[in-house]
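Participant: The residues making up each chain are set out below.
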Amino acid sequence: MLELAIGIILGSCALGAGIAMIAGIGPGIGEGNAVAKACEAIGRQPECKGNVTTTMLMGCAIAETTGLYALVIAILLIFVAPGRLVDILMETIK
Amino acid sequence: MAKIDDTVVRETRYIAGVVIILSVIMEAVFLIIGMWSYKVLLGNILGGTVAVVNFLLMGITVQKAVQKDEKDAATLMKLSQTLRNMMLLIAAVLAIALPFINPVAAIIPLFFPRIAIALIPLRDRKNNNGKENDNGE
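Those sequence lines, one after another, are chains A and B. According to our numbering, the stretch in the first sequence is residues 4 to 97, in order. According to our numbering, the stretch in the second sequence is residues 22 to 158, in order.
It is worth saying that the hints were derived from the structure and are not from the lab. Please read these numbers as outputs of a predicted model, since none were measured by experiment. One thing to keep in mind: the hints can contain errors.
Said to hold, decoys possible - PhoX-like, lysine-lysine: derived pairs with alpha carbons at most 25 Å apart:
(1) K99(B) <-> K52(A)
(2) K24(B) <-> K89(B)
(3) K40(A) <-> K147(B)
(4) K52(A) <-> K60(B)
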């Protein structure tokens, strides 16, 4: 029974990490769209290339932070959460 | 290898500067709360370097992407984002797996570029004030 409980904990943590990393898809799509629109803007007004690039760079960096949050949550779920949850389970059984 | 655009170099320098300042502040906080050790320093160096390299790689990708057509640019950015995410994942796993690196001190600096971007309006305001003063004289 204990093995089953630990297995469920580990499986849930792995599943949670996988679901958290779905958030990593968003920034990729967002950055791709932003750059595509920037290409369009630079094509229309080539003299604004510097300003457009700076603004886009900062926008991409902000968009990327979302993916970073997801990455940190996934890492915590894989490396930290299982140990803590198993400890709590053991204490409850005692 | 193509020359890196001046805009990318300038912004990366700014990000690197802010990351260094915030890293020093973080080290000071660790020192004050009595948790400082060489592991924190190594973690900070790893995290800070990865954060700046991540931003630089993003800048280089953006520089290349704006020279392509819309569809290719979007694909290139998605590919770059995936690869950079993997780089961050490897760095975070290394920080957790290696016993001589503090994982917290390695992960916190990954968010410093976001803080640097939030401080950009302050930098711009300062630059604008400087220009206005120069014009006034």
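Participant: Take the hints in turn and mark each one as holding or not.
Facilitator: Hints, one by one, checked against the model:
1. K99(B) <-> K52(A): Cα-Cα ~21 Å, so holds.
2. K24(B) <-> K89(B): OK: K24(B) and K89(B) at ~16 Å, within 25 Å.
3. K40(A) <-> K147(B): 30 Å, violated
4. K52(A) <-> K60(B): 43 Å, violated
The structure shown violates the earlier hints numbered 3, 4.
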